[in-house]
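Colleague: One-letter residues, chain by chain:
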Amino acid sequence: MGMIDREQVRKVAHLARLELTPEEEERFTTQLSGILEYFEQLNELDTSQVEPTARAIDVSNVTRPDQLDSCEDRELILESAPDREANATGQFFKVPQIIGGGE
Amino acid sequence: MFGKRLSRLDSLSFTMEPTVAPTLFFDTSDTFMTTATPTKTKYEAIIGLETHCQLSTETKIFSCSSTQFGADPNTNIDPVCMGLPGTLPVLNEKVLEYAVKAGLALNCTIAPYSKFDRKQYFYPDLPKNYQISQYDLPIAQQGWLEIEIVDADGNPVRKKIGITRLHMEEDAGKLVHGGSVGGASRNETRLSGSTYSLVDYNRAGVPLVEIVSEPDMRSGQEAAEYAQEVRRIVRYLGVSDGNMQEGSLRCDVNISVRLVGAEKFGTKVEIKNMNSFSAIQKAIDYEIERQVEAVESGERIIQETRLWDESSQRTISMRTKEGSSDYRYFPEPDLGPIEVSKAQLTTWQAELPELPAQKRHRYENDLGLSAYDARVLTDDRSIAEYFEATVTAGASPKLAANWIMGDISAYLNKEKLNITDIALTPDSLAAMIKLIESDMISNAAGKELLPELLTKGGSAEEIAKAKGLIQVSDPSVIEEAIEKVLAAHPSELEKYRGGKKNLLGFFVGKVMKETGGRANPKLTNQLLQKKLDG
Chain Y
1 MGMIDREQVR
11 KVAHLARLEL
21 TPEEEERFTT
31 QLSGILEYFE
41 QLNELDTSQV
51 EPTARAIDVS
61 NVTRPDQLDS
71 CEDRELILES
81 APDREANATG
91 QFFKVPQIIG
101 GGE
Chain L
1 MFGKRLSRLD
11 SLSFTMEPTV
21 APTLFFDTSD
31 TFMTTATPTK
41 TKYEAIIGLE
51 THCQLSTETK
61 IFSCSSTQFG
71 ADPNTNIDPV
81 CMGLPGTLPV
91 LNEKVLEYAV
101 KAGLALNCTI
111 APYSKFDRKQ
121 YFYPDLPKNY
131 QISQYDLPIA
141 QQGWLEIEIV
151 DADGNPVRKK
161 IGITRLHMEE
171 DAGKLVHGGS
181 VGGASRNETR
191 LSGSTYSLVD
201 YNRAGVPLVE
211 IVSEPDMRSG
221 QEAAEYAQEV
231 RRIVRYLGVS
241 DGNMQEGSLR
251 CDVNISVRLV
261 GAEKFGTKVE
271 IKNMNSFSAI
281 QKAIDYEIER
291 QVEAVESGER
301 IIQETRLWDE
311 SSQRTISMRT
321 KEGSSDYRYF
331 PEPDLGPIEV
341 SKAQLTTWQA
351 ELPELPAQKR
361 HRYENDLGLS
371 AYDARVLTDD
381 RSIAEYFEAT
391 VTAGASPKLA
401 ANWIMGDISA
411 YLNKEKLNIT
421 DIALTPDSLA
431 AMIKLIESDM
441 ISNAAGKELL
451 PELLTKGGSA
461 EEIAKAKGLI
471 QVSDPSVIEE
481 AIEKVLAAHP
491 SELEKYRGGK
501 KNLLGFFVGK
511 VMKETGGRAN
521 PKLTNQLLQK
531 KLDG
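Sequence order for the protein chains is Y and L.
Take the first sequence: its position 47, counting from 1, is numbered 47 in my numbering, and each next residue is one higher.
Take the second sequence: its position 192, counting from 1, is numbered 192 in my numbering, and each next residue is one higher.
By construction, these hints were calculated from the structure, which means they are not laboratory data.
Bear in mind that the values here come from a model prediction, so they are computed numbers and not experimental data.
Incorrect hints may have been included.
[What the hints assert, rightly or not] To list a few chain L residues with every Cβ distance to chain Y over 12 Å, as calculated:
hint	residue
1	Glu97
2	Gly266
3	Arg290
4	Gly298
5	Asp309
6	Gln313
7	Thr347
8	Glu364
9	Arg381
10	Ile422
11	Ala444
12	Glu461
13	Glu514
14	Gln526
[Stated by the list, open to error] Dumping the calculated DSBU-like pairs for lysine-lysine here, alpha-carbon to alpha-carbon at most 30 Å:
hint	chain 1	residue 1	chain 2	residue 2
15	L	Lys522	L	Lys495
16	L	Lys467	Y	Lys11
17	L	Lys272	Y	Lys11
18	L	Lys42	L	Lys160
19	L	Lys484	Y	Lys94
20	L	Lys467	L	Lys414
21	L	Lys268	Y	Lys11
Don't be surprised by glycine CBs; every beta carbon is placed ideally from N, CA and C.
Hey, can you work out the whole structure from these sequences and the hints?
Modeller: What follows is the structure, encoded as structure tokens:
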């Protein structure tokens, strides 16, 4: 029995909006379990006295002044999108319509 | 032991369940439930608000594009807010300052160590497929604000509403479905039958603070008052314009009902899409009614998000709410943590202005104003400061309040001006009020002077002199006028002396006319009475 079951793989796939075939579900269940088992090795270390951290480099309070700087790359950004549309109100990114799922 | 910072991710609950047993429902809820039917008084509503407030910075939270409202679509975009590969977000220092100041003003504890997290969800209003927000270590926590409601007898009813947390995050973009413009809800406009959406990312990355209240409110009125107090506070601080129409202030409501005395909370429903304070109040009152009816008839209340529909004055089911675990928060690797130093905190604390609740207390307790007057004057900081300057210049607080709330406000409303736009200075208003208090001019003369003072400014006394509005308080001048009037109206005088005492008013009017309206009315009354009766 691995560290992750097929139901969890289905859930993760759903959250990532991935469509998996039954064969893929099977394969990823094994592979993901393998990866997690590999990471389990880290548990050999005693970290009870170690302050947890989310990053390796110890820097804090990196900020910038509230100064306007117009971006020259606007057209480039619009152009790199898969689809765009211009109408009377201006330039838009064009995406397939999504029903629900928003925040 | 796996220290505090990360393990809290697991235990933190994002529902509105309170951490302490609720004890507040005896306080004030009776006041607002007097119109409810007997059946419904068995129930109480448990209400909490999540308020998103746009910070008034020039640039976005993590990049240097403009935050200007109403710009052409996709003009205020850049590689960072669009989440292009290889870009690195950097926190705008003003965002941190404004968030901390808002936290301090809400009596919160400012976190000595705070960080950003990624909140994942798929929706095209997010260019990155995640939103940079704060999860388990928000910048501010555990505060409160005080709301004040003036009851039917004019007495202030005060209540503290707990603030669970305040955190910084970026706003999302705006969807325009099928190219239509104009609004169904905040984020989207709908056109049925369209197969695609257009996206404007101008607002993506605009800085927000989200303020989450404790579920301490019990009525629509309390919730609307809470939202207004939040707006007053952020406006006083100058950290947000609080404009609801432009989406700078947005409130989501969490609400459930339960039997009075019950310990367990009912199922919570979220309401969105309210564009005004009155909409917040109406949506809550509607929802309380709906939930109580559902409970009474044995229906199950579904945990869901509902939209307030202004046209039908109802809440409409939108979708079932996903569990918070689906957001898969994790620490934002591109942004370092934030450690606000004690010295920095002291500096920012010292920069806070006197806040609306403090002003209300002071106006009521020290200046002797009614709760109503205090509330009206403190609603807008510039009005409150104008009022205070007028009082400092020597005017009586009550008279200053009356002039500012009366004729001056009427003028401001009519001309759509701010109090800082008018030529009348607080000193000059105080001088005019002092002329009235010392009987140099009448109240009516003050009203006559006002238009010129408002538009051109100048000295009230000089204008009063030029217009001949200085009151005559010299007894000999008034007596002379009285003699003339009495001589001209012998029959009225006879009637008066025969017992028709109410003719006094007639004589006063005549004397005023004789003096061109300038006779001191109090003195005129006294002298006339003496002459008539003597």
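Colleague: It remains to establish, for every hint, whether it holds in the given structure.
Modeller: Results of checking the hints against the structure:
no.: 1; hint: Glu97; verdict: violated, 9 Å
no.: 2; hint: Gly266; verdict: holds, 24 Å
no.: 3; hint: Arg290; verdict: holds, 22 Å
no.: 4; hint: Gly298; verdict: holds, 29 Å
no.: 5; hint: Asp309; verdict: holds, 17 Å
no.: 6; hint: Gln313; verdict: holds, 24 Å
no.: 7; hint: Thr347; verdict: holds, 14 Å
no.: 8; hint: Glu364; verdict: holds, 38 Å
no.: 9; hint: Arg381; verdict: holds, 22 Å
no.: 10; hint: Ile422; verdict: holds, 31 Å
no.: 11; hint: Ala444; verdict: holds, 51 Å
no.: 12; hint: Glu461; verdict: holds, 47 Å
no.: 13; hint: Glu514; verdict: holds, 67 Å
no.: 14; hint: Gln526; verdict: holds, 65 Å
no.: 15; hint: L/Lys522 <-> L/Lys495; verdict: holds, 23 Å
no.: 16; hint: L/Lys467 <-> Y/Lys11; verdict: violated, 83 Å
no.: 17; hint: L/Lys272 <-> Y/Lys11; verdict: holds, 28 Å
no.: 18; hint: L/Lys42 <-> L/Lys160; verdict: holds, 24 Å
no.: 19; hint: L/Lys484 <-> Y/Lys94; verdict: violated, 88 Å
no.: 20; hint: L/Lys467 <-> L/Lys414; verdict: holds, 25 Å
no.: 21; hint: L/Lys268 <-> Y/Lys11; verdict: holds, 25 Å
Consistency note: the structure conflicts with the earlier hints numbered 1, 16, 19.
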